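S.K.: Residue numbers (UniProt numbering), protein chains in the order written: chain A, 1 to 664; chain B, 1 to 529.
These aren't lab readings, by the way, just hints derived from the structure by calculation.
Keep in mind that this is a model prediction, so the values were computed, not measured.
Beta carbons are placed, not taken as given, at the ideal position from N, Cα and C, and that holds for glycine.
Any given hint might turn out to be false.
Claimed, not checked - Here are the simulated lysine-lysine pairs, DSSO-like style, with alpha carbons at most 30 Å apart:
1) A:Lys531 / B:Lys231
2) A:Lys475 / B:Lys216
3) B:Lys496 / A:Lys536
4) A:Lys124 / A:Lys504
5) A:Lys292 / B:Lys496
6) A:Lys292 / A:Lys124
7) B:Lys525 / A:Lys25
Stated by the list, open to error - Away from chain A, derived, C-beta distances all over 12 Å, residues of chain B:
8) His6
9) Thr69
10) Phe113
11) Ala162
12) Leu424
As the list claims (entries may be wrong) - Facing chain B, a subset of chain A residues (Cβ under 10 Å, in silico):
13) Leu302
14) Lys321
15) Ser488
16) Pro492
17) Val493
18) Pro496
19) Tyr501
20) Asp514
21) Arg520
22) Asn533
Chain residues, written in single-letter form:
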Amino acid sequence: QKYYHYVHLFLQVEQVRLLDRFSNKSVHGTLYLTATHLIFVESNSNNSASAGHEVWILHHHIASVEKLSLTTSGCPLVIQCRNFRVVHFVIQRERDCHDVYSSLLRLLRPVCYEELYAFSYNPKQNDQQREEGWQLIDLGAEFERMGVPCDQWQLTDVNRDYKVCETYPRDLYVPVTASKPIIVGSSKFRSKGRFPVLTYFYQEKKAAVCRCSQPLSGFSARCLEDESMLQAISKANHNSRFLYVMDTRPKLNALANRAAGKGYENEDNYSNIRFQFVGIENIHVMRSSLQKLLEVTGTRSLSMSDYLVGLESSGWLRHIKAIVDAAVFLTRAVTVEGASVLVHCSDGWDRTAQVCALGALLMDPYYRTIKGFMVPATDASYYSIRGLYALRCDQLDGDPKEVSPIFTQFLECVWQLTEQFPQAFEFSEWFLLQIHEHVHSCQYGNFLGNNQRQREELQLRERTHSLWAFLMSEKRNHLNPFYSPAYSEAHPVLEPSTLPYHFKFWRSMYHQFDRSMHPRQSILKTILTLKENSRKAESTLQALESRLQQLGVVPVATSDPPAPPPTRDQLSNSHSLPPRPDSLILGAPINHKEVQRHEEEDEQEEVGEEATESTDTERTVEGSSGTESRKQSYGELEGTYNSDLVKEEPAVVSLEFGVARMTC
Amino acid sequence: MEFAEHIKTANVEDVVLRQPLQPPSRGTLCITGHHLLFSDREESDSRQVLLLLRNIDAIEKRMSGSSGTITMKCKDLRVLQLDIPGMEQCLNIAHSIETLSCLDCVSAMYPFFYRPVDLSLPEQWGLSSPEMHYSQMKELYEKWRLSTVNRDYSVCPSYPPAVIVPKSIDDDTLKKAAKFRQGGRFPVLCYYHKKNGMVIMRSSQPLLGANRKRCKEDELLLQAVIEGSDKGYIIDTRSMQQAQQARMTGGGFESKSFYDRWKRFHRQMERGKALQESLIKLVEACGDESNNMDRWLSKLENSKWLSHVQNALSTAGLLVECVERDGHSVLVHGSEGTDCSLLISTLAQLIMDPCCRTMEGFLGLLEREWIQARHPFQQRCAHSAYSHARLQQESPVFLLLLDCVWQLWRQFPLALGFSEALLLRLATEVYASDYGTFLCNSDQERCALEVKERTHCLFRALLRPTERDYYSNPLYERTELAIWPSVHPQSLQLWKGYFLRWTQQVRHLEEAQEEIRNMVIEWGKLARS
């Protein structure tokens with residue numbers, strides 16, 4: 001019995017076709033709509049023994065549903081997901097299509113937090129395990145690791161009741177010399193009350209990275225408290241006589257804000273600041289840039305020229321580069337010049353968060369480990385301080401103007417860095433993709449709510465689970481096999497090049513679910529398997545040696561080897577291997593039957609193709625019959641060393657078990 | 001030595017050398033007939049740089065006061081700079097480099113002088129010969145024979161002395177068919193697909209001319225190729241329009257009325273000057289320091305290099321589709337049959353045939369398709385992307401092949417027995433080499449100059465144990481399946497390892513590759529213990 005037979009089914013539609021995005025291929029199957037998922041199960045016409053291909057789409061992942069006009073073959077339904085999956089169904093009867101469409105619309109947007117998945121998700125953990133999961137993130141300990149509090153920086157309780165700034169967390173670090181009146185005064189002069197607070201402390205040079213929102217300076221307003229606040233930050237660092245103030249907006253935007261009574265710091269009013277614009281565009285520009293990018297890359301039979309022109313005109317890589325440029329500037333200021341830096345944009349969340357987190361990642365090797373990455377880069381910089389998180393990711397039905405791919409962008413910047421420094425990061429691309437997946441899945445409590453206050457009200461720690469616990473338990477699958485702690489020791493501070501040709505299109509993210517785009521074999525996966533096998537071989541060897549010792553036998557070098565070294569095939573077929581996530585990027589196995597069927601289809605297609613002597617005899621190999629099916633035929637090969645890893649999207653599947661149990 | 005007249009100043013002291021990825025160093029510069037030698041004066045860990053003058057593509061000199069600066073742009077895309085004291089010395093050095101780096105006389109080139117102590121001149125030059133290749137392919141015996149009609153290069157100057165043709169066609173027919181093909185390059189077998197007995201043939205264009213001549217012998221020859229099958233395919237690497245225009249100059253294509261069982265596909269592939277210009281633009285874009293994303297992407301697009309990569313791979317894909325999936329034989333040609341035809345037949349073999357994916361297999365394939373079947377290396381690789389010289393016959397077809405192979409390796413990192421390092425080495429050697437492999441334009445010229453007797457063979461050198469270890473792919477795992485590449489633009493990438501070779505970031509990638517090798521070796525040891 002299939003698990004989806006247990007759960008509450010809203011709808012079941014037979015005879016649905018799933019079209020491939022980049023070819024003329026399609027598969028037939030059945031569509032199921034449950035309380036949480038839209039599921040497509042391929043019908044297996046040839047052989048009932050082999051399970052058909054399945055597509056699981058979490059409602060939370062769906063960004064838009066579109067019903068296209070009726071065609072002869074049925075009614076098309078196009079669904080775009082936030083994890084960049086695009087599915088195109090054709091449903092035979094218009095009425096069925098309409099049912100699916102309207103039910104989806106109803107289910108798509110929960111109106112209150114309690115309807116989110118995280119509140120019903122149950123990964124079979126007891127309360128203690130859950131509590132431990134949440135304890136992985138401890139901001140206090142994190143600041144302690146950086147050496148704070150110290151003689152210059154202290155914890156302030158000024159925001160104890162979220163009175164001074166509603167969107168800030170309770171615990172904040174400020175200079176010792178910043179008294180409460182100064183803080184409160186400064187917060188009144190800052191947009192949304194977000195006064196300057198410490199976000200990263202570079203112990204070696206005692207230089208601080210602080211963040212805030214834009215000052216309410218208008219054309220000429222001043223605030224003495226704010227000026228002394230900046231003075232206090234500057235004075236807390238004896239290594240530098242001045243403080244950098246980085247405004248991450250383009251100058252034009254900042255100027256425009258002055259008319260609204262906001263703006264930027266006037267160098268004449270503040271003693272010893274160096275003011276700098278870095279020109280990162282706002283969320284609206286970023287949103288439409290990503291939209292353009294996806295439009296281009298979603299084109300069928302895209303030519304190389306159109307692709308590159310589209311990549312350029314979308315501006316996406318330009319924006320990515322701007323963020324990395326800003327982070328590099330920040331890093332140089334702190335690590336080379338030893339100066340403290342205050343970063344802000346408009347309200348001090350999006351751009352400021354990206355730049356601070358990325359800067360910290362460049363400065364501190366700890367953040368480039370799996371454990372390190374989760375604590376500060378996402379939680380601290382990201383949303384404890386930052387807020388508006390839910391809005392940006394569109395978790396609840398909010399203002400579409402406030403939705404923006406800020407977090408995706410941050411992950412992409414990190415990915416670009418991992419590509420430049422293959423040995424510097426403990427985690428692989430798969431880790432970043434998993435995080436991205438779950439930011440939108442609302443399966444874990446980590447990314448819910450806009451600020452600490454709201455999160456406390458929602459009792460997230462008590463009522464939901466932590467993603468990091470899940471990621472840590474899956475740590476082995478997220479490792480970067482090339483990671484070298486020695487490299488990190490030798491290069492504690494990364495100095496990436498931001499020359500344009502070092503930025504690439506992130507295919508594994510934006511074409512995550514387009515199997516045909518990806519390499520057919522994965523170095524990463526192979527190396528991980530090899531590493532795992534060798535680790536096993538080593539422990540077997542040790543066990544045997546110690547056994548021999550117990551028996552009083554001295555191992556002789558010339559004696560028979562204890563066991564023939566298992567080959568890659570043997571080992572991966574045994575059940576002892578850890579379950580490895582099955583991403584398309586890592587090369588998911590393809591069903592053999594499916595392969596055959598596809599090949600047969602191809603033959604038929606080719607019969608119809610004729611080369612004529614007329615003007616245009618060119619067949620399209622790219623994108624159409626040829627390429628697509630070819631890749632399928634390669635599936636056999638992948639299947640050979642990977643037969644026990646067939647389930648797609650393990651996280652979602654395990655999630656399903658939880659639901660099944662709940663509703664039974 | 002006759003080079004002496006070009007060397008007025010052989011030694012200069014106190015020269016500063018600046019090269020990518022290394023701090024500048026001060027030392028002695030020395031010019032010889034074939035090399036530029038620099039050794040720094042550091043007592044400890046002294047470094048020497050030995051640069052083949054042939055590798056220098058262009059130089060720029062700048063004088064300031066009593067000293068001068070020479071910037072040397074190499075064919076391996078490295079840019080070196082020399083600060084030389086003394087105006088006269090600087091001019092002399094610049095003159096020597098300019099002259100000696102582009103000597104035309106083949107027999108004066110370095111491979112004829114290269115005599116490493118640990119290597120004696122080989123008894124057998126090259127990895128194989130057409131005769132050996134034929135004798136190893138027992139499957140061929142039934143329907144194919146080895147013809148020595150070209151033993152004195154009289155039928156086709158650019159073919160090797162022995163070629164494989166259908167058994168039913170005699171040498172006289174071949175001679176007549178050769179007259180009907182440009183440069184005498186009549187259709188010969190280049191690949192036999194063991195799975196279904198289908199073949200890839202290769203030739204130059206038929207000489208129909210404006211009045212649509214025909215040639216019975218050529219038709220017979222092609223008919224014999226598809227004996228027992230219902231049809232064959234012809235892949236013409238020109239567009240329909242280009243092929244028709246070729247008739248005006250005496251060329252053309254196989255018309256339907258005379259070759260009724262052959263179906264033609266036209267796939268326009270860029271060649272010649274356009275390809276060279278594409279390379280020049282790409283290299284220029286890679287050297288652009290303006291740090292502007294839009295500018296870079298637009299220059300990358302404008303160079304069209306990646307379009308050529310995509311086009312070559314998808315045409316090769318079409319060829320494989322015809323042979324492997326559709327199960328029919330294919331004839332490939334463009335106009336001369338010495339550039340794009342070789343490119344796609346090589347790629348197709350790599351995609352289909354697991355034997356071609358080992359290191360020996362790949363080098364053997366290159367030898368068969370590019371050395372024996374004649375790619376005019378001398379003409380095509382005289383200059384690379386930096387040269388200011390007027391373009392003549394230069395065209396980076398071989399480099400395009402290496403780029404395509406690299407793309408294949410990116411998509412199938414376990415399926416090829418060799419590593420990126422081998423591709424990089426070949427890309428360097430083809431422009432400037434110690435070895436005789438890429439000298440001359442044809443087998444005939446090679447014999448005339450006694451290349452095979454008087455120079456070392458690169459391919460054999462690469463297969464020596466130490467080199468082989470270095471250039472092999474540690475993750476290689478043989479697969480019998482065809483490796484169909486994805487040709488979506490999103491799946492193809494700029495070959496950073498080559499075009500951005502001299503940047504720090506690419507070094508990081510190389511280190512990671514090295515790391516893979518070490519890990520695999522270590523695990524291998526563990527498994528053995």
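S.K.: Hint by hint, note whether the structure agrees.
M.R.: Results for each hint:
1. About 50 Å separates the Cα atoms of Lys531 of chain A and Lys231 of chain B, which puts this hinted pair outside 30 Å; it is violated.
2. Taken as a hint, the Lys475 of chain A and Lys216 of chain B pair is broken in the structure, with Cα atoms around 70 Å apart against an allowance of 30 Å.
3. For a cut-off of 30 Å, the pair hint linking Lys496 of chain B to Lys536 of chain A is broken: about 36 Å separates their Cα positions.
4. The straight-line distance between the Cα atoms of Lys124 of chain A and Lys504 of chain A is roughly 40 Å, outside the 30 Å bound, and the hint therefore fails.
5. Between Lys292 of chain A and Lys496 of chain B the alpha-carbon distance is near 26 Å, which keeps this suggested pair within the 30 Å criterion.
6. For the hint linking Lys292 of chain A to Lys124 of chain A, the alpha-carbon distance of about 42 Å lies beyond 30 Å, and the restraint is violated.
7. Between Lys525 of chain B and Lys25 of chain A the alpha-carbon distance is near 47 Å, which puts this suggested pair outside the 30 Å criterion.
8. With a least beta-carbon separation of about 38 Å from chain A, His6 of chain B lies farther than 12 Å from that chain, consistent with its non-interface assignment.
9. Against chain A, the non-interface label of Thr69 of chain B holds: every CB pair exceeds 12 Å, the least being about 24 Å.
10. Taking the minimum C-beta to C-beta distance to chain A, about 39 Å, the non-interface status of Phe113 of chain B holds against the 12 Å cut.
11. The beta carbon of Ala162 of chain B sits about 33 Å from the closest Cβ of chain A, which is more than 12 Å, so the claim that it is off the interface holds.
12. Against chain A, the non-interface label of Leu424 of chain B holds: every CB pair exceeds 12 Å, the least being about 18 Å.
13. Restraint check, Leu302 of chain A versus chain B: the minimum CB separation of about 6 Å is within 10 Å; hint holds.
14. A hinted interface residue such as Lys321 of chain A counts as satisfied when its beta carbon comes closer than 10 Å to some beta carbon of chain B; here the least separation is about 5 Å, so the hint holds.
15. For Ser488 of chain A, the interface hint is violated, since its Cβ never comes within 10 Å of a Cβ in chain B; the closest pair sits about 13 Å apart.
16. Taking 10 Å as the C-beta contact cut-off toward chain B, the hint placing Pro492 of chain A at the interface is violated, the least distance being around 16 Å.
17. Hint status for Val493 of chain A: violated, given a least beta-carbon distance of 15 Å to chain B, over 10 Å.
18. The restraint placing Pro496 of chain A at the interface with chain B holds, with a minimum CB-CB distance near 8 Å, inside the 10 Å limit.
19. Nearest Cβ of chain B to the Cβ of Tyr501 of chain A: about 6 Å, under the 10 Å cut. The hint holds.
20. The criterion of a C-beta within 10 Å of any C-beta in chain B is met by Asp514 of chain A, whose closest approach is roughly 8 Å, and the hint holds.
21. Annotation: interface hint on Arg520 of chain A holds; nearest CB of chain B at approximately 6 Å, less than 10 Å.
22. Checking Asn533 of chain A against chain B: minimum C-beta separation of about 7 Å stays under 10 Å; hint holds.
Checked against the numbered hints above, the structure violates hints 1, 2, 3, 4, 6, 7, 15, 16 and 17; every other hint is satisfied.
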